[in-house]
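K.L.:
Sequence:
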Amino acid sequence: MTDLIKKLNSSEFVVADRVADGLIDEYLEGKYFEEKFNLKRIKNKLSYGQGGKPYLDLVPSEKILIKMDDQGQHDLLMQVFESGGWQTISELIPTMLDPFRVYPAFYVSAEEKFNWGRKENFVSPSFLKEISDEDFYKIQGVTQKMREEIYSWYETNKPNRASKGVLF
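The opening position of the sequence shown corresponds to residue 26 in my numbering, with each subsequent residue numbered one higher.
Hints listed in this document are in silico derivations from the structure and should not be mistaken for laboratory results. Any given hint could be a false lead.
To be verified - Computed list of lysine to aspartate or glutamate pairs in DMTMM-like fashion (alpha-carbon distance at most 25 Å, straight line):
| hint | residue 1 | residue 2 |
| --- | --- | --- |
| 1 | K138 | E87 |
| 2 | K189 | E137 |
| 3 | K189 | D95 |
| 4 | K189 | E136 |
| 5 | K170 | E159 |
| 6 | K163 | D94 |
| 7 | K183 | D94 |
| 8 | K183 | E145 |
| 9 | K138 | E159 |
| 10 | K154 | E137 |
| 11 | K138 | D82 |
| 12 | K70 | E145 |
| 13 | K170 | E116 |
To be verified - Label pairs and their in silico Cβ distance ranges:
| hint | residue 1 | residue 2 | range |
| --- | --- | --- | --- |
| 14 | D94 | E173 | 15 to 23 Å |
| 15 | D82 | L117 | 37 to 45 Å |
| 16 | K70 | R126 | 29 to 37 Å |
| 17 | G76 | I114 | 36 to 44 Å |
| 18 | K170 | R126 | 30 to 38 Å |
| 19 | M121 | G74 | 17 to 25 Å |
None of these values were measured; they are calculated from a predicted model. Every residue, glycine too, gets a C-beta built ideally from N, C-alpha and C.
With the hints as constraints, model all of the structure from the sequences given.
P.N.:
This is the structure we're talking about:
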C-alpha cells in the first residue's frame, strides 16, 4: 500500500493530501476524467480582498456542465463563481442570476463567461460531461471550510441576492 501511495503521489494528476486521506479509488476514477476533459485537480487557496471579500483561483473547463436542481445549491455555486471572478456570458455577476424563476432544474457551464439553461441549449451537449456541484468543488479544490467562509461573507455582506431567490 505504501508503494502504491508513493507511486500515486509522483503522478502529475494527484494531489498528495487526497491520496493520504485514502481516496485512491476516487483518484483512479478521476485520472480518466481529468485526461478526457483536459482538467487537473488543483489545490485552491482562499484569499481575501477589500472588505474581507473571498477570492478563489478557479480553472475553467468548456467541456463541463454542472447540474442544478436546488436553490441553495445554486446560490452557493454562484458565490463560488463570483469569488473566482467569473461572470455570465452577458457579463452579469453570478449572484445576480436566478434561473429558478424560469427552470425547475438546469445546467451551468464551468467557464469564466458561463451560461445556463437546459442541457440541449448548449452547443454539442453530447460532448459535455455532466457533473454535480460537489464534483466541481473537488476538482477545483474548494473545501467545505472554504465554502462555509464564502457563504458566511455573502450572508453578511450581500444577504439580498437573486441567486438566493430574493426578488428585487
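K.L.:
Does each hint hold? Answer for all of them.
P.N.:
Status of each hint after checking the structure:
For the hint linking K138 to E87, the alpha-carbon distance of about 10 Å falls within 25 Å, and the restraint holds. Of the pairs offered as hints, the one joining K189 and E137 holds, with about 21 Å between alpha carbons and a cut-off of 25 Å not exceeded. Taking the CA atoms of K189 and D95, the gap is about 10 Å. The hint holds against a cut of 25 Å. Of the pairs offered as hints, the one joining K189 and E136 holds, with about 21 Å between alpha carbons and a cut-off of 25 Å not exceeded.
Restraint check for K170 and E159: satisfied, since their Cα atoms lie roughly 13 Å apart, inside the 25 Å limit. At most 25 Å may separate the alpha-carbon atoms for a hinted pair to count; K163 and D94 meet this at roughly 19 Å. For a cut-off of 25 Å, the pair hint linking K183 to D94 stands: about 22 Å separates their Cα positions. Note on K183 and E145: the hinted pairing is violated, with a Cα-Cα distance of about 33 Å set against a maximum of 25 Å.
For a cut-off of 25 Å, the pair hint linking K138 to E159 stands: about 20 Å separates their Cα positions. At roughly 17 Å between alpha-carbon atoms, K154 and E137 fall within 25 Å of each other, so this suggested pair holds. Of the pairs offered as hints, the one joining K138 and D82 holds, with about 15 Å between alpha carbons and a cut-off of 25 Å not exceeded. At roughly 34 Å between alpha-carbon atoms, K70 and E145 are farther apart than 25 Å, so this suggested pair is violated.
Between K170 and E116, the direct Cα distance comes to roughly 28 Å. Violation of the 25 Å bound is thereby established for this hinted pair. Checking the proposed 15 to 23 Å range against D94 and E173 shows it holds: the Cβ atoms sit about 22 Å from each other. At roughly 21 Å, the beta carbons of D82 and L117 sit outside the given window of 37 to 45 Å. The beta-carbon spacing between K70 and R126, approximately 34 Å, falls within the hinted interval of 29 to 37 Å.
Look at G76 against I114: about 27 Å separates their beta carbons, and that is not inside 36 to 44 Å. Under the hint 30 to 38 Å, the C-beta atoms of K170 and R126, about 31 Å apart, fit the expected range. For M121 and G74, the Cβ-Cβ distance of about 19 Å falls inside the hinted range of 17 to 25 Å, so the restraint holds.
Checked against the numbered hints listed earlier, the structure breaks hints 8, 12, 13, 15, 17; every other hint is satisfied.
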